[in-house]
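Two independent chains are provided; combine them into the complex using the hints.
Those protein sequences? They're chains Z and S, same order as listed. Note that the numbering used here gives residue 208 to position 208 of the first sequence, counting from 1, and the numbers run on in steps of one. Note that the numbering used here gives residue 164 to position 164 of the second sequence, counting from 1, and the numbers run on in steps of one.
The hints are simulated quantities; they were obtained by calculation from the structure and are not laboratory data. Nothing false has been slipped in among the hints.
Heads up, incomplete: computed chain S residues facing chain Z, CB under 8 Å, no partners named:
(1) Arg149
(2) Gln158
(3) His161
(4) Met175
(5) Tyr203
(6) Val214
(7) Tyr326
(8) Pro344
(9) Leu350
Where is the CB? At the ideal position from N, CA and C, for every residue including glycine.
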Amino acid sequence: MTGKAGGSLLELLNRHEEGLPLNGVRVVDLTRVWAGPLATRQLADMGAEVIRVEHRDSRGPAEVPPDSGLRLGIFPGGEWRPDPWNRQAAFNKLNRNKLSVCLDVGKPEGKAVLRDLLAVSDVVIENFSSRVMPNWGLGWETLHELNPRLVYLSMPGFGGSGPYRDFVANGAVIEPHSGLSAFMAYEPEQPYRTQATFSDPLVGVVAAWAAVAALLKREQSGEGCHIDLAHTETTTRVIGAEIIAAQGGGWTPTFANRNEVFVPQGVYRCQGDDEWLALSVTNDAAWRALCELLGRSDWKGLDRDARRSLHDEIDAAITAWASSREKVQAMDLLQAAGIAAGAVLKNCDMVDAGILADSFFVDIEESWGETVPYPAFPVGISGASRRQWWRSPRLGEHNDLVLTRLLGRTEDDVAALYQAGVLASEPSA
Amino acid sequence: MSVAPLLQGVRVVELGSSIPAAYCGKVLAELGADVIKVEPPAGDILREHGPFVDTPGTENSASFHYYAAGKRSVVVAPDDSDIIVRLQRSASVILTDADDGYPDPGEGWDGIHAVFKGLASTSRSGYVVSDIVAYALGGYLYTDGASEREPLKGGGEQPEHAAANYAIMAILAAMLGRKRTGESGRVEVEVPLVECMATMHWYSTVMWTYAGLVKQRIGNRLDITHPVSLYRCSDGWVAIGAGGNDAWAMLAAAMGEPDLASDPRFANGASRLANADEVDAIITGFTSNLTRREVMTLLQELRVPCGLVSSPEDLLTDPQYEARDYWRDAGVPGRPGVRAPGPPFRSADLPFESAPAPRLGAHTDVVLATLSKQGEVHG
Numbered sequence: 001m002t003g004k005a006g007g008s009l010l011e012l013l014n015r016h017e018e019g020l021p022l023n024g025v026r027v028v029d030l031t032r033v034w035a036g037p038l039a040t041r042q043l044a045d046m047g048a049e050v051i052r053v054e055h056r057d058s059r060g061p062a063e064v065p066p067d068s069g070l071r072l073g074i075f076p077g078g079e080w081r082p083d084p085w086n087r088q089a090a091f092n093k094l095n096r097n098k099l100s101v102c103l104d105v106g107k108p109e110g111k112a113v114l115r116d117l118l119a120v121s122d123v124v125i126e127n128f129s130s131r132v133m134p135n136w137g138l139g140w141e142t143l144h145e146l147n148p149r150l151v152y153l154s155m156p157g158f159g160g161s162g163p164y165r166d167f168v169a170n171g172a173v174i175e176p177h178s179g180l181s182a183f184m185a186y187e188p189e190q191p192y193r194t195q196a197t198f199s200d201p202l203v204g205v206v207a208a209w210a211a212v213a214a215l216l217k218r219e220q221s222g223e224g225c226h227i228d229l230a231h232t233e234t235t236t237r238v239i240g241a242e243i244i245a246a247q248g249g250g251w252t253p254t255f256a257n258r259n260e261v262f263v264p265q266g267v268y269r270c271q272g273d274d275e276w277l278a279l280s281v282t283n284d285a286a287w288r289a290l291c292e293l294l295g296r297s298d299w300k301g302l303d304r305d306a307r308r309s310l311h312d313e314i315d316a317a318i319t320a321w322a323s324s325r326e327k328v329q330a331m332d333l334l335q336a337a338g339i340a341a342g343a344v345l346k347n348c349d350m351v352d353a354g355i356l357a358d359s360f361f362v363d364i365e366e367s368w369g370e371t372v373p374y375p376a377f378p379v380g381i382s383g384a385s386r387r388q389w390w391r392s393p394r395l396g397e398h399n400d401l402v403l404t405r406l407l408g409r410t411e412d413d414v415a416a417l418y419q420a421g422v423l424a425s426e427p428s429a
Numbered sequence: 001m002s003v004a005p006l007l008q009g010v011r012v013v014e015l016g017s018s019i020p021a022a023y024c025g026k027v028l029a030e031l032g033a034d035v036i037k038v039e040p041p042a043g044d045i046l047r048e049h050g051p052f053v054d055t056p057g058t059e060n061s062a063s064f065h066y067y068a069a070g071k072r073s074v075v076v077a078p079d080d081s082d083i084i085v086r087l088q089r090s091a092s093v094i095l096t097d098a099d100d101g102y103p104d105p106g107e108g109w110d111g112i113h114a115v116f117k118g119l120a121s122t123s124r125s126g127y128v129v130s131d132i133v134a135y136a137l138g139g140y141l142y143t144d145g146a147s148e149r150e151p152l153k154g155g156g157e158q159p160e161h162a163a164a165n166y167a168i169m170a171i172l173a174a175m176l177g178r179k180r181t182g183e184s185g186r187v188e189v190e191v192p193l194v195e196c197m198a199t200m201h202w203y204s205t206v207m208w209t210y211a212g213l214v215k216q217r218i219g220n221r222l223d224i225t226h227p228v229s230l231y232r233c234s235d236g237w238v239a240i241g242a243g244g245n246d247a248w249a250m251l252a253a254a255m256g257e258p259d260l261a262s263d264p265r266f267a268n269g270a271s272r273l274a275n276a277d278e279v280d281a282i283i284t285g286f287t288s289n290l291t292r293r294e295v296m297t298l299l300q301e302l303r304v305p306c307g308l309v310s311s312p313e314d315l316l317t318d319p320q321y322e323a324r325d326y327w328r329d330a331g332v333p334g335r336p337g338v339r340a341p342g343p344p345f346r347s348a349d350l351p352f353e354s355a356p357a358p359r360l361g362a363h364t365d366v367v368l369a370t371l372s373k374q375g376e377v378h379g
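If we strip away everything but chain S, and leave its shape as in the complex, we get (with noise of 0.2 Å):
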């Protein structure tokens, strides 16, 4: 027997083009709700947005292809606030960016209001926040990369996936909070960019609160132990983390030096940080006459972990994924074979459903003819 998906028969209208609000809208449809996507005449800007599958265009943005995936399009003139509020009344959730113009859904409306923003700060409110800029305002940007370079974005649009996954967050909290109390009016989530990127911190803002230490850039190396690092492999790079004694004991038997483990330059974290360029080349000799894969097979073993520096074509072909049947067709038309990730967790009680991005427009007709003239509220 199937399980019915978490959110069947919740209508969720993404107003917003930010892509927080557009992965929040995705994982809200992968979950079973209906989302349908607000678009003007001329498209998403996400359809504007690479990366491309191929050439620039509408139909061809890879960006719009994954996060719009399992959402039907309406196209609706900005100006049309009729239809516009319909719509919003016709939903239980509602994603918006701020400052987009769009009217408010109105009195009786009792769903639930998602606003993404870029800083929740008061003075600077209506700062425009590209990704990059929240990297830098999130404090991630001043400690990545190296040192005697200028700090470096990490890999992917993490800010907006962090403020997204939070958005996601609140309104289930909200969802759950309800059915448990049985209480209902509307309530309204903010969800500012820079203020959730903030937060994805181990001990960057305590290193400051409680020893007044400026958490400098230092690499791919860690600030507390060592080995922790990038090595570089005959085939590419792999990925180690031995900063434990028994891991940096394990991995000096698997390089056949296992007295490596006694020697006191070597004997801890601290010592091990401070001969750090020694213990990097000792790993990198052994390393770099292995492949990828030979180094995280032999180390995996002897339980150290140890991963690869993976691309896009690594994890396509890796053997985890593969046998946890992770991926889903992308939807690419034209494209059949071209895939995409899958599901963020696994459960057995919760399907993630996927389906196309879809056309622009694809869904106008259909969903304007079952809309109330009175924009009456939901049930």
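So that you can see chain Z by itself, here it is in the shape it has in the complex (with noise of 0.2 Å):
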């Protein structure tokens, strides 16, 4: 796809394969932590080369300290040693199927290879503040000259321009500022957050396709484009219709897990150690059928207002059912006649209990021999799946294939790089 590249990468690593839709397109990947790394995978599942350029301590100390919250839980088995940078569980996650460079960019000559990097690529994607680029000297402006191709996405927590633009961020403020905590509470002015911070993914999702957009754009134009993506903004668009109800004045809004048109809706105590229940009622047939479940015929005939004004007499009611009954089992009668209710998964459930599809797990053998089943990609797309999953890279895993096969430097010049700490492959000491 561009020019001046020196071939494919993917092909020369035998991972090529037919019919995705983003073959040929190369990404180089300056994000760090979620949102962004989230972004660049679903463009690598989706065929794109995509680089990381990492400084060697981005993913954490060579040792783990004993008192440091890291050690909880990520590493395979609480095993830390002896290379905790690369075994990771979130950062795994997120970067499989990518290439890896360790770069010092704050030294020249790290810079100049960046440079000569995003010359030969389609897509530059960063989640620094607003700041950083600038001060490398990698503002829109030198991008778009270095290489008029290039496609440049930006994703600022509160955006580009504006009062806030240098504030900082991270996903447990951006969730609520957007909007969304004031809608998630037991009762109005006790707000929530979620814990995955969904607007972290969310973002992630909607940076990939912004920069598929603009790879669309650019068939058109020819040229590159810039995209500010604010977190903010992308995720206050999730309560839209909140919003725009809210101007009306005679709106007011369910908490606690109730709904305005599907009533009743709640979550309801199984049997077992803080196991649950989500089940609404869409419609009236539906109603009817919870009525013969529970043994309350009389209630059949109660339509939506009256089944709003004894909700806490309904929730009993199926508190009382269910509570003796195994979360999937009670699942799987609710929906054997017609109503929506799922168990409410742990972590373990959705891996273990058999009700996400087969196909939403894939098995990637990972660095320390291990084979771990990750999140797959969740949308089909007919003729362009991936057959084959690669692990996440080792950190600087591909410094010499990208600097001689696709940038031309001699085995000296890489080897000075090393030398001069410009290129590592393991956290500092």
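Here it is in structure tokens:
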């Protein structure tokens, strides 16, 4: 796709698969943590050649201190030795199918390598705060001059302009600020946030399609473009209907898992330790079926308004029914009667209970020799399903390949860059 | 010179009535596609779906105004296969819900067909998946809310937005793949609501597959460090994400207690987590005497991640959204001041258009009059 490129690295690595929609697209991945790496993972899953450019300390220290929160169950079998930077669960989940170059962009020689790489790439994505790229001398104008076909996607928390442009943020701040937490509550004015910080993966998915949209635009215009993606602005779109309704003056939100239209709706205790079932009655037929199961034929004629005023009493009847049943059996019974119901899955259930599709998980052989199941790409595209999945790269695993085969540096050049600490393959001591 | 919208000249026929299909269609319309929303004579189900602007009514649903913005409405009887097939064959993208009974566009149609469904699993593929059921099966619900209470679903219809955005990604990627290879042929895109939501996790499933740990419900805190939580101010709540040691030191400085940074009880993420109640009492002592905006300004000056817990009213008056000209006219008839969220991202080369949602059947005549009798395939 990029004429100047020194050929496909994925082909050299025997990783090329025919038919993937982003074959031939090269992405430079400067992202960290969560939303950004998810964005580039989607592109890699769809066939793009994604090259992570990582600082040697970006994956954490060489030794994990005994009192660090990082110790908490995110290494295989709890064991971080000998190379914790290659063994982190969340990192490995988010960076499969990618390549890694471990480069110090703060050094002039490192920046020169990055510039050479950007010159032969199609997309660059970063999720720094909005000061970093200009401070490196890599603002949009420079990038566009360096490679007019390059798509540049930046994703600062609050956006690249306006009074908050330099504000720092993470998902735990963005989700509430974007307005989602106000609607997540057992009662008004007692907000919660999601444990997975939904704004992060949402932004990751939107950023991936924004990059694809820009590549599609490039097919028309011949030029790359700059995308400024504010986490807040993307996330607020989740509650667009609520925002419109709130301006009408006649609307009161529902809380505590209830719903305006689906009545009753709630989360009900099942048999076992902290086991639950979610249920919503989506129409009158489902309501009559539920009455049948609950043994409350006398309730069958209740319309939605009547059910709403009896919600507490109905909830008690559902709890009485559910609490003596196992959650998956309860779900299956309710669904057999046409009622929307779902077992509240723990992380172990997601992996082991056989409810999510088999195709949802793929097994990937890890660098320490174990095979680990990971969530795959959730959408099917006919004729374009990936058959082989590649583990997350070790830090700097593709330094030599990228510099010699793609950027035309000699082996002596590469050795000198290692010597100067510009290239590395493990964290600083 | 204004830039042409990305999907100018692309026709989308939206037969699905689920929120994922509707949001996918909304975005394609914003990107310039001609999105035809096919409605039954009684109107799309979202017209009856809350929340409502004022009282319930077919033209009063905030959901419909939001999700159908920029589309054209064509009323067709669900059993009029002839018209539906001709509509489908005039389009290059079709959005449907699984098992909705609509006919296939037939041979020779080589567009992109996206099908929205609940669960991908074969044994339970027919299950009815409402919003809260997708939160449950997608693994979000169990870990969210207070540990001593029942699990709590998130704000807004998060699973639906996850699925819709995955669908947009797949449709645009399929378009790009075709453009670059010159290949044609029908593409089927399958979008399962539950599996899309189940992908939206950071370390939940890997906590189990790596270390055999069950991710617990822990309120607003984080498992790996502290303080990352919501805190009460004099006029509501703020979110503070100061889990890193540097951010904690700056937070301590902002609170006028810089020595906290070197206090062994709070020296690192694990110790602050072990003493989280104490940490939270200290922070609340500071925040509860200040307004939310005072806290946010103070902390951001020291580069401590902080934001408000915003209500819709807060968002509509937020100086950042205002400065970036985020809001659009929501197009609610008779309510010119009502606003809706603007584009998900900004690019001079990828303009997003905004237009009101259609009245029921507003475009039936004009669209049907232009349909080819033979059901010719789109150009």
